[in-house]
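Chain W is fixed; fit chain B onto it per the hints.
There are 2 protein chains.
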Amino acid sequence: MGNVFLERIDALRSMMADNGWEAVVIGGSDPHCSEYPAPRWKQVEWLTGFTGEAGDVVVTADHVGLWTDSRYFIQALSQLEGTGAELHKTRVPDAVMIPEWLSGRVKVVAIDGLCQSVSAVEELESALGEGGLVVDVPDLLQELWDGRPQIPVTPVTTLDVECFGGVPRVDKISWLRKWMLINGYDKVFLSALDEIAWMLNVRGSDIDYNPLVISYLLVSQDYVKWFVKKADAVSDLDPDTEDSFNELKMDGVEVEDYDAVFFALSDFGSDDSSGRIFVDPSTLNSHIHKYISDCFPPESLCCGTSPVILEKAVKTPSEIEGLRQTYVDDGVAMECFLHWLETEVASGREVTEWEASEKLTSYRSGIPGYRGNSFENISAYGPGAALPHYSTPRIGSAVILPRGLYLVDSGGQYLTGTTDITRTVPMGECTSLEKEDYTLVLKGMIDLSMAVFPRGTAGCQLDALARMPLWKAKRNFGHGTGHGIGYYLCVHEGPQGIRQNFSPQAIIPGMVTSNEPGIYREGMHGVRHENIVLCREAGVNAFGDWLEFETLTCCHIDTSAVVKDLLGPEAVAWLNAYNERVYATLSPHLPSETAAWLRYKTLPI
Amino acid sequence: MGNVFLERIDALRSMMADNGWEAVVIGGSDPHCSEYPAPRWKQVEWLTGFTGEAGDVVVTADHVGLWTDSRYFIQALSQLEGTGAELHKTRVPDAVMIPEWLSGRVKVVAIDGLCQSVSAVEELESALGEGGLVVDVPDLLQELWDGRPQIPVTPVTTLDVECFGGVPRVDKISWLRKWMLINGYDKVFLSALDEIAWMLNVRGSDIDYNPLVISYLLVSQDYVKWFVKKADAVSDLDPDTEDSFNELKMDGVEVEDYDAVFFALSDFGSDDSSGRIFVDPSTLNSHIHKYISDCFPPESLCCGTSPVILEKAVKTPSEIEGLRQTYVDDGVAMECFLHWLETEVASGREVTEWEASEKLTSYRSGIPGYRGNSFENISAYGPGAALPHYSTPRIGSAVILPRGLYLVDSGGQYLTGTTDITRTVPMGECTSLEKEDYTLVLKGMIDLSMAVFPRGTAGCQLDALARMPLWKAKRNFGHGTGHGIGYYLCVHEGPQGIRQNFSPQAIIPGMVTSNEPGIYREGMHGVRHENIVLCREAGVNAFGDWLEFETLTCCHIDTSAVVKDLLGPEAVAWLNAYNERVYATLSPHLPSETAAWLRYKTLPI
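In order, the protein sequences belong to chains W and B. Counting in the working numbering, the first sequence runs from 760 upward without gaps. Counting in the working numbering, the second sequence runs from 760 upward without gaps.
Isolated chain W (complex conformation) (with noise of 0.2 Å):
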C-alpha cells in the first residue's frame, strides 16, 4: 500500500517543482470547516493512507509529516509505515505546530484555501514572515486525484417543526434579521453546515451521521440565498428534493448553484447600498474570506462568532419535549441490546465487537424517525477500549468474552433529536483495578449529574466535579468532560462545553450537553460513563438564580462493578434512584423477557 501514496506524494512535489512551491499544506476539513469532512475532501487520507479524524500534512522537497494528536498516535504510525511520513505530535507540551515548523525552512506555501480556516492561513502567514508567501490554490489536489469523489448530491428534506419540534424557518430569518438590526449589519454569510441546516430547518445526508447539506446561506434584510450543488439541474431532482425546494421557496428563501456563491459575493460587493456584511472566521475557509475581501472595503467586513452558534443550542420547549421521548426510544433500544449481549456472551457463543455494533444498529434502526446513527459506533472490549476513538475493524474485531470491561458508545439521529450515550459493561468477573476505576468514573459522573450551580457558570468551573474522584486516586482521561449535541444535527456542538479549557461561555438553561468522564489504561482496558444532561432553570432565592442538570438518558447502569464504598452514600443514593427510573420509564415499552433482566439488573446497592 505504501507505493501508492509514495507515487501520490511525488506527483504532488512534481506539482510543487513546476509551481515554485517549497511547501504544501494539506487540511483534514472541508470548506465548512466541518468537524467530518465527505469523502471529496478526505484529502490527507487519500495522500496518506492516514484515516484519522483530525490531521493535517505538510509536503516539502525532503520531508513529508502529518501533525496529529494523541488520540491518533498508534494508529499514525502503524498507517503511515512505508509512506516516509513522520509524525508530528500536537497537544503535547512543547508541540511545534506547522506554522512553526515552517518558519525558516522555507518561503513559499501553497495551501487549498477552500479547505483551511481562516485563523490557520493567518497563523501561517504570520509565521512565514516577511518575504514569506501563501499561494492559495483551491482544489489543489484535483488534477493529481483520479476518480476524486463529487461534492456530495444527497436528498433534501425539510422538518415539520409543528410534528417534531423546533422553530419555523421563517421565524428563525426574523430573528436573524433582527439581529442584524440591533448590530448594525446588512447581511450575514453562513457557512458552517448544521448552522443552515438550522436556520432553514432543512437535513440531507451529504456527510455520514452528519445530516447536513453542503451549501453557502447569504441572508439580507431582502432576501435569502442559499447556495446549494442540487440546484444546479433542476429536472433531475429526485421529488423529496423538488418538494423541500418548493416549501423554501414558499418562505422566501432563494436557492442557487452552490458555486454562485462566488457571483454573488462579487455582486454584492459592487451595489452601492451593500452595506456591512458578517462572517465567522472560526468557521469560514480561508479562501471565500479573502475573496470576500477584496469584493469589500475592509470596513465593511465584520468579524465575529455568529449568533446562530448560540441560539441553536438553546433548545426550545418543543425540542426538549422531542429530547425526552427520543432518550426513552433510545433506551429501549440500548436495553435490548444489552440484554441480548449478555444473555449472548453468557451462552458461551463468541460475539465479537463488530457484531455487537450491528446488532446495536439493528435495534436503534427499529425505532421510529430513526434516521442513522449519530457516528460511527464504538464498541470495544478489553484494551480496545483503552482507545478513546477506537474504530471497530469489520473484520477481525475482539470476541467480548465473559469477564472484564466490554465498552459501547453510540447514538442515533432521530427526527426528534440526537442521542449519545456510553456504558460500560462489565461482562463477569472483573479485576479490581477495573472495578475501582469503574466505580471512580461513576462517581465523576454522578457527582457533575448532581451540580446544582448559579445563572452564569460555565463549564470549565464545573468541570472538576467530573474529575475530583478520579484525581484523589491520581487518575485522569484526557478528553473533554462535555460537548454540546445538536437536535437531529451533529453530535457535537458549541457553544458551551464542560471542559478544563477556560471559555466564559455559561451553561443556559435548555442547553443539551454531554457528560462523559473516563478513564484508558492501555493494554489494559478503558473505561467511560456518558449521560446526556438537559441544563434546566432550579428556582430563585435570595441567594441566587439556580440552574441543575436533568438526565435525559434513560438507560440503566450497572451496578455489579461498583465498589459501593468509593462510590459514597450520596452517589449510590442516586444511581439507585436512577437505575429504579429507568425500569419504571422502560419497562412498558420492552419484550417482557426483557423487562424481567432489567428489574434485576436495577435493584438498589
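Be a bit skeptical, because a hint or two may be false.
One copy or two, it doesn't matter: identical chains are merged, so the pair holds either way.
[Unchecked claim] Result set (EDC-like, lysine to aspartate or glutamate): computed pairs, CA atoms no more than 16 Å apart in a straight line:
no.: 1; residue 1: Lys1233; residue 2: Glu1296
no.: 2; residue 1: Lys1233; residue 2: Asp1304
no.: 3; residue 1: Lys1233; residue 2: Glu1307
no.: 4; residue 1: Lys1231; residue 2: Glu1296
no.: 5; residue 1: Lys1231; residue 2: Glu1309
no.: 6; residue 1: Lys1231; residue 2: Glu1307
Since the hints were made in silico from the structure, they are not lab data.
The following block gives chain B in isolation, referenced to the frame of chain W:
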C-alpha cells in the same frame, strides 16, 4: 457631623469653579495602589465620612456620588447621611461605573493622578471622548485639608533571612537582573509596596497591619535605587532605620529621598544609554506613568505583570518551615482564646465582641516574633457576623450570648510569616438552620482541602468544590473562596486566588492560599470557616503530575454544630483526623487546663 463634610465639599466646589473643572474624582488608594492606604490618603473618608475599604467619590456642581460594592452598602448609607452624597452600587447587575456616569455629563475632570491607577485614568479618558480632558492635580485636596497627615515615617527594619527564612536581597536582585536580561529590559521600576519590601527584605509599619515602607524602587544592571521618605533627614534617623540603611548600602542599594524618584526618572530619560524600562501598570499610579511617558520615547516604556508577584507568592523551603511553626504558634494563641471565651461565656459573664477581640490580640501578642495583627480583628456575634466585613465597635459592641454562632476572623504578623484564620464558634444551643449552614460551609472547606489536581490547574477551576455543598442547598456566598497570603507581608496578595472569576494563574507548589467559604444571612447569623493551605507536590504517575494542599492552620474546628449526615463520611473522617492532629500538635504547648479542654473539643464524631 454632616456639616463638616458639607463644608469640605463646598470648598472643593469653589476650587473646581476657580479652575474650570466640571467634576473631581477622588480615589480610595494611595500612590502605590495599596489595598489599605495610610491616613494621609484616606481622602474619601476626609471628604465624605465614609470609612469603607473600597470607595471612590465623584463631585460635580450638583452631585456627590460614592461608588462602592455590596460589602459597604449599609455602612455607606448610614455614614453618608447628611452629606447629600448618593450611593452608586458597584458589582451589581447593570452597575454604571464612574467613567460611564461622567460620560456625556461633563468634559473636564480633575483627578489626583498620584492616587489613581493607570487603567482607571485610561478608562476615564476614553469615556470622556473627543474634547474631554482629564486634569492631573497631584495632592489635589492638599490646600483644603487642614492638618492633613504627613507621609508616615516609621522605623525600617531588615530581615535576617538566615534566622527567619527567605532569600538574601542580593540573590533577589541577581534574580531580577537575570529576568531583565532575558526579557530585554534595562531597568525595572517597582511601586507596589509589598514587592519592594520583599525585594529588599525590609519591613516598616507605615500602613496599619501591613509591614511596609512607603517607597519606590528602581533597579538597573548597575544600581538599585530605593526612594524612601526617611532618607531626607539622615541625621534624624532612628538607630534601627540607620542600621537598616547601612546594611542595604553594604548590599549595593542606594537609599534616596522619596521625592527624588522624579528626578531619577527624568535623568534616566536623558541618558543616551538608558534603554528600555519595565513597569507594571496594575500597581503604577497614573501621575508617575504619565511622567515616565513624557520622559521616554514610547518604545522604551514596557508594560507587563511584575515578575516579583509570582516569585514572592511561591514560598521557599525555609519560608515554608517558618510558616509551619508560625501556624502552630498562632494555633496556641487561638486555642487559649477559644478556651477563655467558652469558659467566660459559660460562667455567665457578659463578654462583648470588643473585649473578645482585645483578649485574642493579647494572646497573640505573647507569641515570640509577633509584630502586630495582619488585619483588624473581626469579632462578631449573631447578626454582626452576617456582615462579611464587620468592624467591631470599641463602644457598644454586642454581648456574646451562650447560644448561636460567634465568628472570629483574625491573623498575626510574625517574623516567620503572616497568619489568617476564621473560626465560627457555636456558643451553645444553635438553631437547625445555624447547624445546617455551619455544616455545609464546613463541608465546602473540607472538600477543597482534600482536592488533588494536576499541575496547571487554576483556582477558578477548583472554586466550585468549596461551593457545591452550599449550591446543592441553593445557598452561596458573595466573596472569593481563597486569596494568597504574604510571608510577614500583606495578608492579601496575588497572583493566585480561588475564585469564580476566570484567571489562568495555576496553583503552584509553594503557594499559600486561604480556603474560606462562608454564608451570610442578614439579621440572623454568619458562618465562615477559614484554613490556610499550602500547595505541595503529590507525586508523578502515568496519569499526570499531581499536586495537593497541606493545611497549615492548626486550630480545632468545633464539632458541636456539625450535622454528621450532612457532612458525609469522607468529610467527617477528614474532620476527625484534623482535630486529632491539632490536639497532638498543640497540647504539649498549652496550659494543662486548656489541653484538657482541647482533648474534649477534639474527640471524634
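Results for each hint:
Only between protomers do Lys1233 and Glu1296 lie at most 16 Å apart by alpha-carbon distance; the minimum there is 12 Å, versus 34 Å within a single protomer. In this assembly of identical chains, the alpha carbons of Lys1233 and Asp1304 lie at most 16 Å apart only when taken from different copies (9 Å versus 34 Å within one copy). In this assembly of identical chains, the alpha carbons of Lys1233 and Glu1307 lie at most 16 Å apart only when taken from different copies (10 Å versus 28 Å within one copy). Taking the shortest alpha-carbon separations for Lys1231 and Glu1296, only the inter-copy value of 13 Å comes in at or below 16 Å, while the best intra-copy value is 31 Å.
Within a single copy, Lys1231 and Glu1309 get their C-alpha atoms only as close as 26 Å, which misses the 16 Å cut-off; across copies the closest is 14 Å, which meets it. Taking the shortest alpha-carbon separations for Lys1231 and Glu1307, only the inter-copy value of 9 Å comes in at or below 16 Å, while the best intra-copy value is 25 Å.
Going down the numbered hints, you'll see the structure goes against none, and every one checks out.
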